[in-house]
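Required output: the full structure, derived from the provided sequences and hints.
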Amino acid sequence: DAKTTQPNSMESNEEEPVHLPCNHSTISGTDYIHWYRQLPSQGPEYVIHGLTSNVNNRMASLAIAEDRKSSTLILHRATLRDAAVYYCILRGGGSNYKLTFGKGTLLTVNP
Amino acid sequence: KAGVTQTPRYLIKTRGQQVTLSCSPISGHRSVSWYQQTPGQGLQFLFEYFSETQRNKGNFPGRFSGRQFSNSRSEMNVSTLELGDSALYLCASSLGSIYNEQFFGPGTRLTVL
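Respectively, the protein sequence lines represent chains A and B.
First residue of the first sequence: 1, per our numbering; consecutive thereafter.
First residue of the second sequence: 1, per our numbering; consecutive thereafter.
Derived by calculation from the structure, the hints in this document are not laboratory data.
A few of these clues could be false.
Claimed, not checked - What the simulated footprint calls covered on chain B by chain A, stretch by stretch (three residues with Cβ under 8 Å from a Cβ of chain A suffice, anywhere in the stretch; the number is not a length):
(1) 41-50
(2) 55-68
(3) 100-106
Stated by the list, open to error - Pair ranges (Cβ atoms, derived):
(4) A:59 - B:18: 37 to 45 Å
(5) A:29 - B:80: 16 to 24 Å
(6) A:30 - B:40: 42 to 50 Å
(7) B:86 - A:29: 17 to 25 Å
(8) A:59 - B:9: 47 to 55 Å
(9) B:53 - A:41: 30 to 38 Å
(10) A:65 - B:69: 39 to 47 Å
(11) B:95 - A:54: 19 to 27 Å
(12) A:77 - B:9: 44 to 52 Å
These numbers were taken from a predicted model, which means no experiment stands behind them.
All residues carry an ideal CB built from backbone N, CA and C; glycine is no exception.
So, in structure tokens, the structure goes:
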């Protein structure tokens, strides 16, 4: 599986935007970039995914670099409920039905 | 609609015993995946079932097995429990394509004494 690299931790203030980076220099042309997050004492939850173009949904935005070797998850206004571990995951074509989780980024949101 | 449910939520077993965990996916979802989460190894993929067939398998010993029923409910079994099997076991369901998001249950916390 192609590997992703994320910072171990990041800190933000409430109601400020948060940019969570992810490097995936070995991404292949068929790999989708998925983001999941895990709130304390809960199972992971899907946040967003994309292939080449930037994507928006009600939860976040995903900005993908033109060469696709990196991406950034953007939380437009962080709330205390956004404090979680954020995972950047590549899912490719073929039979890659599993999610391969790295260590993720622990996001702390300060009031 | 109802989310993914897992039973039991907590379980305590002793070494050498075996355990069965259950997962009920979201209605209409045909894929069920199982993951193990430990502080040391993080989240690791165990296996995935789609329409009663194992479609993907992670790197776990044969003591870990699973199955899926015709109603898409899934069970995983761990035989001859070891202390290192203490973990949070998470189940996720999806429609089945690699492009579909996975919906996770709350997990079963297994403690092996």
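Open item on the list: I'd like to know which numbered hints this structure contradicts. Please list them from smallest to largest.
Closed with: Structure breaks hints 5, 6, 7, 8, 12.
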